[in-house]
Amino acid sequence: MGILADEKTRIIVQGITGRVGVAQTKLMLDYGSKIVAGVSPGKGGETVHGVPVYDTVKAAASEHPADASILFVPAPFVKDAAVEAIESNIGLLVIITENVPTHDAIYIRDQAEEAGVRVIGPTTPGIICPAKTKIGIMPANIFRKGVIGIVSRSGTLLYEIAGNLTLSGMGQSTCLGIGADPVVGTDLKTILRLFEEDKQTKVVVIVGEIGGVQEEEAAGFIRDKMKKPVIAYIAGRSAPPGKRMGHAGAIIIGERGTAQSKIENLRRAGVKIANKPSDITYLIKPFSRIINRRK
Amino acid sequence: MMLFEYEAKEIFRKHGINVPKSVIVQSPTEVGKALQSLSLPVAIKAQVLVGGRERAGGIKFANSLEEASEKIEELMRSKIEGKVVNKILVEEKVDAKHEYYLGITTDQLSGKPIVMVSLEGGVDIEDIAKEKPETIIYKKVSLSRGFFQFEARNMCQQLGLSRTLLQKVSDILYKLYRVFDYYDAVTSEINPLTVTKEEEVYAVDAKLEIDDNSIFRHPDIDLRLDERFEDEIEKEAIKNRLSYVKLDGNIGVIGSGAGLTMATVDLIEAFGGKPANFLETGGGITDELMEKAVEIVLKDRRLKALLINLYGGINPMVDAAKGIVKAYKKLKPNIPIRVKLIGNQQEEAWSILETAGILVVKEIQTEVAVKKLISLLGEQ
Numbered sequence: 004m005g006i007l008a009d010e011k012t013r014i015i016v017q018g019i020t021g022r023v024g025v026a027q028t029k030l031m032l033d034y035g036s037k038i039v040a041g042v043s044p045g046k047g048g049e050t051v052h053g054v055p056v057y058d059t060v061k062a063a064a065s066e067h068p069a070d071a072s073i074l075f076v077p078a079p080f081v082k083d084a085a086v087e088a089i090e091s092n093i094g095l096l097v098i099i100t101e102n103v104p105t106h107d108a109i110y111i112r113d114q115a116e117e118a119g120v121r122v123i124g125p126t127t128p129g130i131i132c133p134a135k136t137k138i139g140i141m142p143a144n145i146f147r148k149g150v151i152g153i154v155s156r157s158g159t160l161l162y163e164i165a166g167n168l169t170l171s172g173m174g175q176s177t178c179l180g181i182g183a184d185p186v187v188g189t190d191l192k193t194i195l196r197l198f199e200e201d202k203q204t205k206v207v208v209i210v211g212e213i214g215g216v217q218e219e220e221a222a223g224f225i226r227d228k229m230k231k232p233v234i235a236y237i238a239g240r241s242a243p244p245g246k247r248m249g250h251a252g253a254i255i256i257g258e259r260g261t262a263q264s265k266i267e268n269l270r271r272a273g274v275k276i277a278n279k280p281s282d283i284t285y286l287i288k289p290f291s292r293i294i295n296r297r298k
Numbered sequence: 091m092m093l094f095e096y097e098a099k100e101i102f103r104k105h106g107i108n109v110p111k112s113v114i115v116q117s118p119t120e121v122g123k124a125l126q127s128l129s130l131p132v133a134i135k136a137q138v139l140v141g142g143r144e145r146a147g148g149i150k151f152a153n154s155l156e157e158a159s160e161k162i163e164e165l166m167r168s169k170i171e172g173k174v175v176n177k178i179l180v181e182e183k184v185d186a187k188h189e190y191y192l193g194i195t196t197d198q199l200s201g202k203p204i205v206m207v208s209l210e211g212g213v214d215i216e217d218i219a220k221e222k223p224e225t226i227i228y229k230k231v232s233l234s235r236g237f238f239q240f241e242a243r244n245m246c247q248q249l250g251l252s253r254t255l256l257q258k259v260s261d262i263l264y265k266l267y268r269v270f271d272y273y274d275a276v277t278s279e280i281n282p283l284t285v286t287k288e289e290e291v292y293a294v295d296a297k298l299e300i301d302d303n304s305i306f307r308h309p310d311i312d313l314r315l316d317e318r319f320e321d322e323i324e325k326e327a328i329k330n331r332l333s334y335v336k337l338d339g340n341i342g343v344i345g346s347g348a349g350l351t352m353a354t355v356d357l358i359e360a361f362g363g364k365p366a367n368f369l370e371t372g373g374g375i376t377d378e379l380m381e382k383a384v385e386i387v388l389k390d391r392r393l394k395a396l397l398i399n400l401y402g403g404i405n406p407m408v409d410a411a412k413g414i415v416k417a418y419k420k421l422k423p424n425i426p427i428r429v430k431l432i433g434n435q436q437e438e439a440w441s442i443l444e445t446a447g448i449l450v451v452k453e454i455q456t457e458v459a460v461k462k463l464i465s466l467l468g469e470q
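Heads up: the protein sequence lines correspond to chains S and Z, in order. What the first sequence shows, in the working numbering, is residues 4 to 298, in sequence order. What the second sequence shows, in the working numbering, is residues 91 to 470, in sequence order.
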């Protein structure tokens, strides 16, 4: 399987009756994702593209055991919905919603860690294991099954990088965004550990960006613990300091969070650095023997 | 959203944190009346959102009414790091025996608030952390459990304060956490917390940044967009919940997703072009929003070209295309425009754009679009 999910993963959609929920549920079903139920308070009893809708996660999960939940709930209600899912023993939460208050994200992460629940996001495009499942909003046509794992802090930049690889005939094992907020449920380092343990993944690509110190932290892990080749692209080289570049987390404060610091730390840990998205393909080429090796 | 010092102090005061007596002044004519309620000497502080305000000339002191009016007038006319001075805080000067640092911020790695206190205040916390890290006492806090008064006392005890100061400083540290928690703060900070020789303590500076995503929970906070954003284009973008950063080139950039937009800006520079801005739509594109985004970027008179870079994941590309066409027909821009658009509904969106005469780049690589646009500019 890829990391975090596979074709057997049973999914609940929270916020399934909203405009985005309805549209994205259809796209996930088309991809073959195993959506077992939806939740929308006050809309229990309806169906969305054949998926039964419940008022509460508890009711949905008691009828349809589920492994994961994807949230399309509006930002002010994400905290409530996430804690509801955590307390219903759903093991994996994918929070797509943008603009979630940081204090709510902190609270969710606290509760999830205590309960042993994995949270991806907020502000994530979700997870795709090509040809297996999609618990996310990414356009499916640009991904292809293969052995490259991609972890990204950004959504659409993940699409660009995966698209570049697919175009060069390099498929992916699992692609995911960890979320672009200052506080996210699962950090870069943790995802790298999962990729290192994953049998399908042979090469790992990091798509980073300015702000925070996740890449710097990850560099230590790569140096000490990773055997698989790692390639990284960092966005925001030309970003001015002190300005928030779209994502709440993408800001250079003083000397902290610059692209240069991330690039240097990763390079020292043995990571190959791509200066442009298209360089990634060419940096992977030397590893084709590893990629083509069976098992 | 960063609050002005006077706004932060007002909140701190309401939460029981001792701040110096002060008056806000908006014109030199108000000075006389303002000074009636204050005792001299006074500090005269420009209310601008600039780091290192004193070094930048934004803080002055006065010993008499005449001196105060003179300096206020001078500050009102000047700009501090390019920022207009709309308001001045006139406040009783506190004589410092010691200056401490108290602050709470979010530790991104652990995902927890971190409470910090140090006896080495008056300089940036980054500098304290670099030069005397051992002087910072800190504690990571569980937001759901909260931060207790005894924990504040335990922290302050490690500083070796006198009994009186231990009580006063730990009380303020605890209250500062309450403000952080209540206001969904990114950072709440007192630097310096000034201690007089009589062991009185005052928050002489106050910093409070509220998480933009939590503002909706705080209707008592006045947005004061006109004071916070001087640039008309930035203000317009904020009002439409678009993320806009002005850069110093001539190629306009609109992207869906911050990472993609940053990468687009980087690529323009890498291929020898100069980006004029960064504008990111987020995941809530509608045709109105897209139309607004194009309008906002085209307001910039420096523009020689425009690149729009979109992915249809959560964003509806047909609506995006319609919005671009609306703005295009309305403004009839006389500069080259390229739209790169990939993902769900791409064919339909391409046809909407092409029908309106807008050139579309259909390759997935942003680099292709960037190179095309830059070579076009070179030919001009």
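Mixed in with the good hints, there may be bad ones.
To be verified - Cross-link-like lysine to aspartate or glutamate pairs, in silico, DMTMM-like; alpha carbons within 20 Å at most:
(1) Z:K258 - Z:E189
(2) Z:K420 - Z:E326
(3) S:K246 - Z:E324
(4) S:K192 - Z:D197
(5) S:K279 - Z:D261
(6) Z:K202 - S:D70
(7) S:K82 - Z:D274
(8) Z:K389 - Z:E437
(9) S:K29 - Z:D321
(10) Z:K230 - S:E200
(11) S:K246 - Z:D321
(12) S:K246 - Z:E453
(13) Z:K202 - S:E220
(14) Z:K222 - S:D113
(15) Z:K287 - Z:E326
These aren't lab readings, by the way, just hints derived from the structure by calculation. Owing to the predicted nature of the structure, the values given are computational and were not obtained by experimental measurement.
Practice item. Sort out whether D321 (chain Z) lies within 20 Å of K29 (chain S), counting only the CA atoms. Key: Violated, because 42 Å separates the two Cα atoms, which is more than 20 Å.
Review point. Given the proposed pairing of K287 (chain Z) with E326 (chain Z), does the C-alpha separation stay at or below 20 Å?
Key: violated, 49 Å
Check your understanding: Taking 20 Å as the top limit, are the C-alpha atoms of K230 (chain Z) and E200 (chain S) close enough?
Key -> Distance of about 31 Å is beyond 20 Å: violated.
Practice item. Sort out whether E326 (chain Z) lies within 20 Å of K420 (chain Z), counting only the CA atoms. Key: holds, 18 Å
Review point. Straight-line Cα separation of K246 (chain S) and D321 (chain Z) no greater than 20 Å?
Key: Judged against 20 Å, a Cα distance of about 14 Å means the pair holds.
Review point. Does the structure keep K222 (chain Z) and D113 (chain S) at a Cα separation of 20 Å or less?
Key: violated, 31 Å
Check your understanding: Keeping to a limit of 20 Å between CA atoms, is the pair of K202 (chain Z) and D70 (chain S) held or broken?
Key -> Violated - the C-alpha atoms of D70 (chain S) and K202 (chain Z) are around 27 Å apart, more than 20 Å.
Review point. Quick one, are K389 (chain Z) and E437 (chain Z) close enough, alpha carbons at most 20 Å?
Key: Outside the cut-off at roughly 29 Å; violated.
Review point. Is the Cα-Cα distance between K258 (chain Z) and E189 (chain Z) 20 Å or less?
Key: The given pair, whose Cα atoms are some 14 Å apart, holds under the 20 Å limit.
Exercise for review: Take the C-alpha atoms of K192 (chain S) and D197 (chain Z), compute the straight-line distance between them, and say whether it is at most 20 Å.
Suggested key: holds, 16 Å
Point to revise | Distance restraint between K246 (chain S) and E453 (chain Z), which requires alpha-carbon spacing of 20 Å or less | key: Violated, at about 31 Å.
Review point. Quick one, are K82 (chain S) and D274 (chain Z) close enough, alpha carbons at most 20 Å?
Key: Distance of about 14 Å is within 20 Å: holds.
The earlier numbered hints that this structure contradicts are 5, 6, 8, 9, 10, 12, 14, 15.
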